[in-house]
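Protein chains: 2
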Amino acid sequence: MDAGGKALPLLLDVRDDIAIKQAVTQAAEHFGGINICINNASAISLAKAQDIEAKRFDLIQQINMRGTFMVPRASLPLLRKSENPHVLVLSPPLTMRADWFAEHLAHTLSKYGISMVMFGMAEEFRAEGIAFNALWPKTTIAIAAVEFALGGDAMIRRSRRPEIMADAAHRMLTRKARDYSGNFVLDENLLRAAGQTDFAQYHIDPEHELEIDIFVDPDLPAE
Amino acid sequence: MDAGGKALPLLLDVRDDIAIKQAVTQAAEHFGGINICINNASAISLAKAQDIEAKRFDLIQQINMRGTFMVPRASLPLLRKSENPHVLVLSPPLTMRADWFAEHLAHTLSKYGISMVMFGMAEEFRAEGIAFNALWPKTTIAIAAVEFALGGDAMIRRSRRPEIMADAAHRMLTRKARDYSGNFVLDENLLRAAGQTDFAQYHIDPEHELEIDIFVDPDLPAE
Numbered sequence: 001m002d003a004g005g006k007a008l009p010l011l012l013d014v015r016d017d018i019a020i021k022q023a024v025t026q027a028a029e030h031f032g033g034i035n036i037c038i039n040n041a042s043a044i045s046l047a048k049a050q051d052i053e054a055k056r057f058d059l060i061q062q063i064n065m066r067g068t069f070m071v072p073r074a075s076l077p078l079l080r081k082s083e084n085p086h087v088l089v090l091s092p093p094l095t096m097r098a099d100w101f102a103e104h105l106a107h108t109l110s111k112y113g114i115s116m117v118m119f120g121m122a123e124e125f126r127a128e129g130i131a132f133n134a135l136w137p138k139t140t141i142a143i144a145a146v147e148f149a150l151g152g153d154a155m156i157r158r159s160r161r162p163e164i165m166a167d168a169a170h171r172m173l174t175r176k177a178r179d180y181s182g183n184f185v186l187d188e189n190l191l192r193a194a195g196q197t198d199f200a201q202y203h204i205d206p207e208h209e210l211e212i213d214i215f216v217d218p219d220l221p222a223e
Numbered sequence: 001m002d003a004g005g006k007a008l009p010l011l012l013d014v015r016d017d018i019a020i021k022q023a024v025t026q027a028a029e030h031f032g033g034i035n036i037c038i039n040n041a042s043a044i045s046l047a048k049a050q051d052i053e054a055k056r057f058d059l060i061q062q063i064n065m066r067g068t069f070m071v072p073r074a075s076l077p078l079l080r081k082s083e084n085p086h087v088l089v090l091s092p093p094l095t096m097r098a099d100w101f102a103e104h105l106a107h108t109l110s111k112y113g114i115s116m117v118m119f120g121m122a123e124e125f126r127a128e129g130i131a132f133n134a135l136w137p138k139t140t141i142a143i144a145a146v147e148f149a150l151g152g153d154a155m156i157r158r159s160r161r162p163e164i165m166a167d168a169a170h171r172m173l174t175r176k177a178r179d180y181s182g183n184f185v186l187d188e189n190l191l192r193a194a195g196q197t198d199f200a201q202y203h204i205d206p207e208h209e210l211e212i213d214i215f216v217d218p219d220l221p222a223e
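Protein sequences appear in the order of chains Z and W. Okay, so the first sequence: first residue is 1 according to the numbering used here, each after it adds one. Okay, so the second sequence: first residue is 1 according to the numbering used here, each after it adds one.
These aren't lab readings, by the way, just hints derived from the structure by calculation. Quick caveat, the model's predicted, so the values are computed rather than measured. A portion of the hints provided could be inaccurate.
Note that identical chains are pooled: a pair holds if it fits in a single copy or bridges any two copies.
Claimed, not checked - Straight-line Cα separation of at most 27 Å, DSSO-like style, residue types lysine-lysine; simulated pairs:
hint, residue 1, residue 2
1, Lys21, Lys55
2, Lys176, Lys6
3, Lys176, Lys81
4, Lys176, Lys48
5, Lys48, Lys81
Assemble the whole structure, with the sequences as input and the hints as a guide.
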């Protein structure tokens with residue numbers, strides 16, 4: 001599908017500060033600036049604290065929490081020149097549920113670390129009008145990580161298409177940055193609040209009930 | 001002053017997983033086991049997100065958050081053999097105040113990281129009866145970091161003696177671990193709840209008003 005956009009794909013290890021700087025510079029030179037920084041990539045490891053390998057612990061903290069700190073920070077000089085600068089990450093609301101920490105402490109630390117970076121930067125850069133927000137899916141999303149690392153084809157059928165996240169992100173990123181920062185939202189909730197009512201379009205296989213994602217209250221009605 | 005205890009001082013860089021294991025083994029061999037693991041040490045850097053050097057960011061995350069994850073974890077086999085195993089750290093309650101993140105994001109991430117490690121481990125190891133708790137001082141404490149890094153002699157006079165933290169820690173560590181885990185407490189609050197009423201004994205210079213510590217509601221009455 002041709003969505004009509006133009007991309008500049010750059011390989012980047014977000015643990016490498018010099019590589020981050022180079023990628024920011026290349027993107028800015030190619031497009032003439034940076035209006036939006038989306039930190040989408042994240043590493044996953046759902047082992048318990050007593051089991052996780054130290055090198056996996058380090059990998060997910062460095063990619064998830066540290067990467068989310070360093071990439072937007074390196075983009076600041078260019079975001080400051082934008083008319084509507086947005087930083088968007090995929091991370092959960094800061095709900096302190098002990099079971100979500102006990103099940104996979106290292107992973108939760110890394111994802112809540114991302115959210116806390118947004119929480120702090122939203123406030124630090126509020127006066128400059130740069131928006132920092134976090135979006136999280138209410139249900140599992142049909143992506144490779146779900147198919148290969150989590151629940152296989154069965155979980156894919158209980159998931160929604162990535163388009164729901166794209167639609168939610170688009171609504172967030174077209175809001176006025178100065179008036180919309182420091183928010184933590186679930187995709188479906190955001191779209192409902194914006195008046196959308198059809199969610200069946202996203203459901204991979206409506207014969208199967210939707211799977212509520214981690215970091216979302218499992219007692220929420222699945223639509 | 002001879003407090004009557006016996007110590008085995010060991011140099012340890014908590015970023016070094018092999019050194020952690022060796023220190024745990026040495027302590028266990030010397031004392032015949034480990035009943036209590038107190039993570040006291042922490043690195044401080046109060047720069048804003050836009051200013052902090054990447055290597056300072058890494059240092060405080062690795063010592064504070066990662067060290068608190070790795071040291072108690074390495075002590076688990078010995079804590080499991082103890083009759084009343086306790087892990088205690090010095091870190092704040094998980095109060096999400098945006099200003100505390102905006103002022104010194106990297107430091108807050110590292111301290112809240114410590115608290116989230118306790119929050120998760122308390123739940124992960126609850127059935128095994130190992131206690132994980134966090135203590136935080138309501139006021140600044142008269143220690144070298146306050147004198148040399150924060151507010152000099154003037155702030156020392158507005159601080160309390162370290163003994164208030166020792167008294168509070170003693171009360172926490174003598175509770176039954178199985179019934180007391182996952183708590184985040186302020187020193188004065190804990191001692192008041194235990195019936196203590198004299199706090200002037202801790203005040204370095206009662207002529208000066210006490211200084212409320214960071215991560216504590218500044219609107220709290222200073223005693």
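Here is what the structure says about each hint:
1. Lys21 / Lys55: both (25 Å within a copy, 16 Å between copies)
2. Lys176 / Lys6: This pair counts as within: shortest intra-copy Cα distance 23 Å, inter-copy 62 Å.
3. Lys176 / Lys81: within (15 Å within a copy, 58 Å between copies)
4. Lys176 / Lys48: between (40 Å within a copy, 25 Å between copies)
5. Lys48 / Lys81: between (43 Å within a copy, 21 Å between copies)
Of the numbered hints stated above, none is contradicted by the structure.
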